[in-house]
Amino acid sequence: MSGRVRGDRYTPVQRERISQEVTALRQSGMKVQSALQRLGVARSTYYQWPSGGGRGRRCAVNALLPEERQAIVALKQREPHLRHRMISGLLRHADRWISPSSCYRVLRAEDLIEPYERREAPWQKPRYEPIGPNVLWGEDWTKLLIAGRRWYLLVLLDLFSRLIVSWSVVPTVTQREVKELVAQGMLAQGLDRHGPRPRLRTDCGSPNVSGSVKEFLDAIGVDLSLGRVRRPTDNARVERVNGTLKQEEIYCQGASGYLSPEGARLSLARYIDYYNHRRPHQELWNFTPAHVHADGNKTRLLEEYRRNVEQARQNRLRHNRLENGVTLSTFEAKFV
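Okay, so the sequence shown: first residue is 138 according to this note's numbering, each after it adds one.
Honestly, the hints are just simulated from the structure, not real lab data. Small disclaimer: the values here were computed from a predicted structure and weren't measured. A few of these clues could be false.
For each label pair, taking beta carbons as the anchor points, the in silico distance ranges come out as [unchecked claim]: (1) V150 / R402: 52 to 62 Å; (2) Q157 / T370: 10 to 20 Å; (3) R286 / P369: 38 to 48 Å; (4) A161 / L249: 34 to 44 Å; (5) V307 / D329: 40 to 50 Å; (6) V366 / R402: 40 to 50 Å; (7) E216 / D355: 43 to 53 Å; (8) V366 / V198: 55 to 65 Å; (9) L361 / Y388: 24 to 34 Å; (10) L459 / Y388: 20 to 30 Å; (11) P369 / E254: 42 to 52 Å; (12) P369 / S349: 18 to 28 Å; (13) G400 / E420: 29 to 39 Å; (14) S349 / E447: 49 to 59 Å.
Even glycine gets a Cβ: it sits at the ideal position worked out from N, Cα and C.
Sequences are here, hints too, so could you generate the full structure?
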């Protein structure tokens, strides 16, 4: 009758229409409960509406605090390109632990959600999952423009933490650039000849499979793991990082790209530092890659995330119960 999809909330228009129908059925001699059953509306839901005779929906004891709602809206207005998940992660820098779903509800209520199409869900298949940092690296390159000419950005990524270990901007990609990229990564991570070495995941591009590169990797004790031909999903995490670099940095430079190689390296260095140390990563529970790389234990990080979310929830419970005049029981007070 109301045109509502099961599981959605009733809109103000739907509430008004339901209230009018109930009023009309009551005038015809039908009881309210029978009218609601006929319309398919829960009695408890109807009586929460002001038009249904209730006092309105009470504020949930776990509702966001006013300053938390203001922080969400202020960050969205200051940086309109951010979506709710990014906002949830960035607010943690100010010690505000708010879930992405809560951010979404606040933004939707303020009409600050822009429409976008969702991509298809990834295939549910087993995948590589490194047990710690510097166990499995991924390497790939992507194109960019400098003064209208094609150059390349090479990226070496730690697949455990999504940390960009090393990178370079070059006019062409040969075996020399690949070897220098790996050498820079080894030096940056302080990996010596006697410690454990990562495994290198790459595609079958000619610079990666050259005899010179294989000899170099053998000499430094790094195993080469090649993906299948025409299977970019075999190195999906590096492909995803390249997509992020393009969307948030490279494509922002305009049709002709960067003005000079020096300017490109400076701008990319600034963004990669932001990506590693400040940009929240959804796959990492909105921790930064540098934080995950330094900790090296995702089980501990997940426990930290849950602990902080629970602490934020308890703070809201305490505040909203006091605002509503609800007295805490002795049992509840131990946990708030």
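Verification of the supplied hints:
1. V150 / R402: 52 to 62 Å: Check passed, 55 Å falls within 52 to 62 Å.
2. Q157 / T370: 10 to 20 Å: violated, 54 Å
3. R286 / P369: 38 to 48 Å: For P369 against R286, whose Cβ atoms are near 25 Å apart, the range 38 to 48 Å is violated.
4. A161 / L249: 34 to 44 Å: holds, 38 Å
5. V307 / D329: 40 to 50 Å: Violated: the Cβ-Cβ distance is about 27 Å, outside 40 to 50 Å.
6. V366 / R402: 40 to 50 Å: The hint (40 to 50 Å, Cβ to Cβ) is violated, given that V366 and R402 are roughly 32 Å apart.
7. E216 / D355: 43 to 53 Å: Given range 43 to 53 Å: holds, Cβ gap about 47 Å.
8. V366 / V198: 55 to 65 Å: This hint holds: roughly 57 Å between Cβ atoms.
9. L361 / Y388: 24 to 34 Å: Between L361 and Y388, where Cβ atoms are some 31 Å apart, the hint holds.
10. L459 / Y388: 20 to 30 Å: violated, 49 Å
11. P369 / E254: 42 to 52 Å: violated, 21 Å
12. P369 / S349: 18 to 28 Å: holds, 25 Å
13. G400 / E420: 29 to 39 Å: holds, 31 Å
14. S349 / E447: 49 to 59 Å: Given range 49 to 59 Å: holds, Cβ gap about 54 Å.
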